[in-house]
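S.K.: Chain by chain, the residues run as shown.
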Amino acid sequence: MNFWLIRVLSILGAIAGCAGLQVVAGGQSDYIQRLLILAGLYVTLSVSLNLINGITGQFSIGHAAFYQVGAYMAGFCSVHYFKSSHLPPLVWLVVTMVVAAIAAAGAGFVVGLPSLRLRGDYLAIVTLGFGEIIRIQVQNTPALGGSYGMNIEPKVQSIALVWLLAVLCVAVCRNLLKTASGLPFLAVREDEVASSAMGVNVTRAKVTAFVLGSAFAGSAGALLASYEGFITPATFGMDVSFIILTMVVLGGTGSITGSIFAAVFLTLLPEYLRGLKDASGGPLTLTGGTVVAWMIGVIFAVAVLRHVYEDAKRSRLNRLCFGIGGVVVGLIVQAIASVMMNKIGALHDKIIMIGQLRMAIFAVTLIVLMLLRPQGVFAHHEFSWDWVGRLIGRRRRATV
Amino acid sequence: MSLLRLDSATIKFGGLVAVNSVSFELDKGDLFGLIGPNGAGKTTCFNLITGVYKPTSGVITFRGKSIGGTPSSKIAAHGIARTFQNIRLFRALSVLENVVVGGYLRHRTGLFSALAYLPSSINETNRLRAEAMELLKVVNLAHVADVRSADLSYGMQRRLEIARAMATQPELLLLDEPAAGMNPLEKEELLVMVKKIRDEHGMTVLLIEHDMRFVMNLCERIVVLDHGEEIAQGPPSAIRNDPKVIAAYLGEAV
Numbered sequence: 019m020n021f022w023l024i025r026v027l028s029i030l031g032a033i034a035g036c037a038g039l040q041v042v043a044g045g046q047s048d049y050i051q052r053l054l055i056l057a058g059l060y061v062t063l064s065v066s067l068n069l070i071n072g073i074t075g076q077f078s079i080g081h082a083a084f085y086q087v088g089a090y091m092a093g094f095c096s097v098h099y100f101k102s103s104h105l106p107p108l109v110w111l112v113v114t115m116v117v118a119a120i121a122a123a124g125a126g127f128v129v130g131l132p133s134l135r136l137r138g139d140y141l142a143i144v145t146l147g148f149g150e151i152i153r154i155q156v157q158n159t160p161a162l163g164g165s166y167g168m169n170i171e172p173k174v175q176s177i178a179l180v181w182l183l184a185v186l187c188v189a190v191c192r193n194l195l196k197t198a199s200g201l202p203f204l205a206v207r208e209d210e211v212a213s214s215a216m217g218v219n220v221t222r223a224k225v226t227a228f229v230l231g232s233a234f235a236g237s238a239g240a241l242l243a244s245y246e247g248f249i250t251p252a253t254f255g256m257d258v259s260f261i262i263l264t265m266v267v268l269g270g271t272g273s274i275t276g277s278i279f280a281a282v283f284l285t286l287l288p289e290y291l292r293g294l295k296d297a298s299g300g301p302l303t304l305t306g307g308t309v310v311a312w313m314i315g316v317i318f319a320v321a322v323l324r325h326v327y328e329d330a331k332r333s334r335l336n337r338l339c340f341g342i343g344g345v346v347v348g349l350i351v352q353a354i355a356s357v358m359m360n361k362i363g364a365l366h367d368k369i370i371m372i373g374q375l376r377m378a379i380f381a382v383t384l385i386v387l388m389l390l391r392p393q394g395v396f397a398h399h400e401f402s403w404d405w406v407g408r409l410i411g412r413r414r415r416a417t418v
Numbered sequence: 644m645s646l647l648r649l650d651s652a653t654i655k656f657g658g659l660v661a662v663n664s665v666s667f668e669l670d671k672g673d674l675f676g677l678i679g680p681n682g683a684g685k686t687t688c689f690n691l692i693t694g695v696y697k698p699t700s701g702v703i704t705f706r707g708k709s710i711g712g713t714p715s716s717k718i719a720a721h722g723i724a725r726t727f728q729n730i731r732l733f734r735a736l737s738v739l740e741n742v743v744v745g746g747y748l749r750h751r752t753g754l755f756s757a758l759a760y761l762p763s764s765i766n767e768t769n770r771l772r773a774e775a776m777e778l779l780k781v782v783n784l785a786h787v788a789d790v791r792s793a794d795l796s797y798g799m800q801r802r803l804e805i806a807r808a809m810a811t812q813p814e815l816l817l818l819d820e821p822a823a824g825m826n827p828l829e830k831e832e833l834l835v836m837v838k839k840i841r842d843e844h845g846m847t848v849l850l851i852e853h854d855m856r857f858v859m860n861l862c863e864r865i866v867v868l869d870h871g872e873e874i875a876q877g878p879p880s881a882i883r884n885d886p887k888v889i890a891a892y893l894g895e896a897v
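In the order they appear, the protein sequences are chains P and G.
For the first sequence, the numbering used here assigns the number 19 to the initial residue and increments by one for each residue that follows.
For the second sequence, the numbering used here assigns the number 644 to the initial residue and increments by one for each residue that follows.
Source of the hints: derived by calculation from the structure; they are not laboratory data.
Among the hints, a few may not be true.
[Stated by the list, open to error] Within a straight-line C-alpha distance of at most 30 angstroms, the following computed DSS-like cross-link-like pairs (lysine-lysine) qualify:
#1 G:Lys-780 <-> P:Lys-196
#2 G:Lys-717 <-> P:Lys-196
#3 G:Lys-671 <-> G:Lys-887
#4 G:Lys-838 <-> G:Lys-780
#5 G:Lys-887 <-> G:Lys-655
#6 G:Lys-697 <-> G:Lys-717
Only chain G is shown next, with the shape it has when bound in the complex:
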């Protein structure tokens, strides 16, 4: 059974069809790429999967359960976490605190024990902080754990978003343009990191990216969207030579 399945998912904003009948399937352990020119509906697709928008029609199933229209926070609890294209960190909080928020899903003590500062709550907090610290080591941010997240460099902020998403311990990780704004060296490190996340942490990864070299090197399967429609699907080698994809990116031959 596939992990995530979009079955002719569609969303319309008034007269605009942002995502039109898109279907694809992810299996557990996939490294899946979602590409397309600007405005193709890639991020909207992410928003459909994570419950920011409710699909106008079509079915989205995760582990066999329909999740279309479920509130975001519930979807995160089901095991889908994401990063954002325009970085959305909790800017006034420290790097470590950002990651702890991600781990808060697994927080089990009640509000009262926190208000009374009972040992159960303190232990829980310490456990979450220790877990968060481990994740910061994965993304090489342990040395800046106490820095305000807004003060980090751009590349670091992107890595922190990944760590925060990983802290929810998702089965499926959605990365929205993780390499945007990174220099070639950082991109190289990111490539290794994403592979590690899949191989060592066992998370399935679906990512949006504009950097073709990055996508082609990393992803095993790719879906191409253009104007909200799915125009191609397959392994990188096939996508690279697909005439429709070339037309979408470069324009058609006259």
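The shape of chain P in the complex, shown without the other chains:
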């Protein structure tokens, strides 16, 4: 019964952890709480898209559609049935999460069907189109508030539920990959013809991935709806789909930990940049010359850093040299360029707040990462603590 003891303890641990997070965050500002909620929602969204995109290899770029289906389904139910249900708001939220998951899973099933005949780019176009159809349909449905949006009662903010959903989504994907049941999905990604020759039901694998992935996105939508208390079709535009896709690709397609990392990183990065202060406490500013100098510096640094991963046969020392070298070259070039550029009057007088540049920096970060590591930060791998063990193990051997 050891297995069940560990299982129950880990589930209780997850619940306690999420509840603890809510308690700790309760003392923080609304802004911090909002970031925590958004980060949790994006973890769910990117990990669930990773199931479709990374693990099963079905290139879907309409994930916001499932998010939207879930949000509107939950919103619609709340508006019409909450009062007559006499349930406490938190319980009601859980109910709408389940309903939203089912609705989004239905939508996922519908989108999954064309994936049986379409591959790669073609499927991407279909999913993109599906996302737009949903958004525009909602925009033109008065019962759902049209483009004015929809007010939702009750408004519940639950960081614990947001993160529990994220944990559940991660656990489900991880379990799938840990057991043989995950192999058909991976096999379909690798080679459909060979999969079906080995008896794998390709249809079932693809549709299952779409249904599961979209169900989680739908639940996340229900959470968003009750947190915001107000949703409009504009909340679920194409840009949301692309941000989720970016998270999956940046983390490394197929890697669950990569998706988690990228979701948190990309949610927090723009906000961190927005909040940067200079020494006197005002918003951090740069002159135009310095900004241009940074651009040149980054280009030089990337030119050198590219060599770190270019050749797998390089020794570790060699890579380290290129790594440090790249940063040093970038900084030196930046320093020289900033002196030169600030001599130009127009550039020197132009004052830019770094907060204004946050989306540009966001974009540059993505471009640089894709240049240096196109397979994503974690590539196909999962993050593990093995290296710590190796480090300790080695040290032990060295001391003996």
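Given chain P's structure and the hints, the job is docking chain G onto it.
M.R.: Coordinates of chain G only, in the frame set by chain P:
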């Protein structure tokens, strides 16, 4: 009753008749060769048997049941497994995982127990992995079980494809040019291995091969195709001296 029967199987791609009215029969325990010059329709024949293509006309029966046009995955469940001429491994998966995919047909626990990581699913996974490990020992790949399959040498990849096909526990194993790209030593080992697969694992083998010595040494009966048509059939000794076969391979005497 014969295990596999092709009765004037034909497939046309537009105006091209890739396989024209080919008929042959395999009995249980046969070591059967399918040979012919390039473009003769051998692989197309395999694709017909394994459901990649649907025959334009003609009947294919396996264990007395018609299988022409049945989806590939169903045919694998009926008991026909194959390897591919241009190796089609699941490249990002490990050697062991590749074989487990083959064994997945016999996986009996549902998706839910996997998602919840229940003991039934874990046990099933362990059982499949252990079975796969046994098969890897048969093809001498047990020592590289955890290596990414794309990183294997060419000969090893071919052997892994055979192990993966065997993992479906088929009655009929189709090998598409198993010896291509192997050196003489590897070919010798492969010969022994294929015989072992037939004798010890009780699988019937149908194989395509270009290496004549390999085919003649291994197969007990051979069908020769040329331009989609069957030109000869019989034991190796008869095929070797058949004037039509010699003409197909070497060209006709002027």
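S.K.: Each hint should be assessed against the structure and marked as holding or not.
M.R.: Each hint, compared with the structure:
Among the hinted pairs, Lys-780 of chain G with Lys-196 of chain P is consistent with the structure: their alpha-carbon atoms are about 23 angstroms apart, no more than 30 angstroms. Simply put, Lys-717 of chain G and Lys-196 of chain P have alpha-carbon atoms about 26 angstroms apart, close enough for the 30 angstroms limit, and the pair holds. The suggested pairing of Lys-671 of chain G with Lys-887 of chain G holds, with an alpha-carbon distance near 28 angstroms, which does not exceed 30 angstroms. Taking the CA atoms of Lys-838 of chain G and Lys-780 of chain G, the gap is near 16 angstroms; set against the 30 angstroms cutoff, the hint holds.
A distance of roughly 24 angstroms separates the Cα atoms of Lys-887 of chain G and Lys-655 of chain G; the hinted pair therefore holds under the 30 angstroms criterion. Distance restraint check for Lys-697 of chain G and Lys-717 of chain G: the Cα-Cα separation of roughly 14 angstroms lies within the 30 angstroms cut-off, and the hinted pair is therefore satisfied.
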